[in-house]
Amino acid sequence: MLVRKQVKGRARITFVLPADTPPGPVSVVGDFNDWLPGVHPFEPRGDGTRAVSVVLPSKSVHSFRYLAADDHWFDEDHADGHDGTNGLLHT
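The sequence shown begins at 304 in our numbering and counts up by one.
Source of the hints: derived by calculation from the structure; they are not laboratory data.
Just so you know, these numbers come straight off a predicted model, no measurement behind them.
Heads up, the beta-carbon is just placed ideally off N, CA and C, and yes, glycines get one too.
Possibly wrong hints are sitting among the right ones.
What the hints assert, rightly or not - Just the calculated beta-carbon pair ranges, DEER-fashion: (1) E346 / W376: 15 to 21 Å; (2) H393 / P326: 16 to 22 Å; (3) A372 / Q309: 18 to 24 Å; (4) K362 / G341: 25 to 31 Å; (5) H375 / G312: 33 to 39 Å; (6) D373 / K308: 31 to 37 Å; (7) D386 / G349: 33 to 39 Å; (8) P360 / G384: 30 to 36 Å; (9) S361 / P326: 30 to 36 Å; (10) L391 / G349: 29 to 35 Å; (11) A372 / D350: 33 to 39 Å.
Throw the hints in and build the complete structure from the sequences for me.
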């Protein structure tokens, strides 16, 4: 799930996943972090989910995916679109 909040010309995007699906560490990787795993890891929250937030320029488009343990790549079901390989995020 994606949660969006506009803040002074920028967009705060919070990526949210269930606490245990998939199991183990997960990070969001994309053009906004040079596709480097581990830069934006999901952290547990009190409501039983995991989340990570990034702040991006408003009115921009970004490619991203999730990376879990054992090199398991997967997509966000609620992405704004897909380019054939990656999810797209419109801020």
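Okay, the hints, checked on the actual structure:
no., hint, result
1, E346 / W376: 15 to 21 Å, "holds, 20 Å"
2, H393 / P326: 16 to 22 Å, "violated, 30 Å"
3, A372 / Q309: 18 to 24 Å, "violated, 33 Å"
4, K362 / G341: 25 to 31 Å, "holds, 28 Å"
5, H375 / G312: 33 to 39 Å, "holds, 35 Å"
6, D373 / K308: 31 to 37 Å, "holds, 33 Å"
7, D386 / G349: 33 to 39 Å, "holds, 35 Å"
8, P360 / G384: 30 to 36 Å, "violated, 18 Å"
9, S361 / P326: 30 to 36 Å, "holds, 35 Å"
10, L391 / G349: 29 to 35 Å, "holds, 30 Å"
11, A372 / D350: 33 to 39 Å, "violated, 23 Å"
When held up to the earlier numbered hints, the structure conflicts with 2, 3, 8, 11 and fits the remainder.
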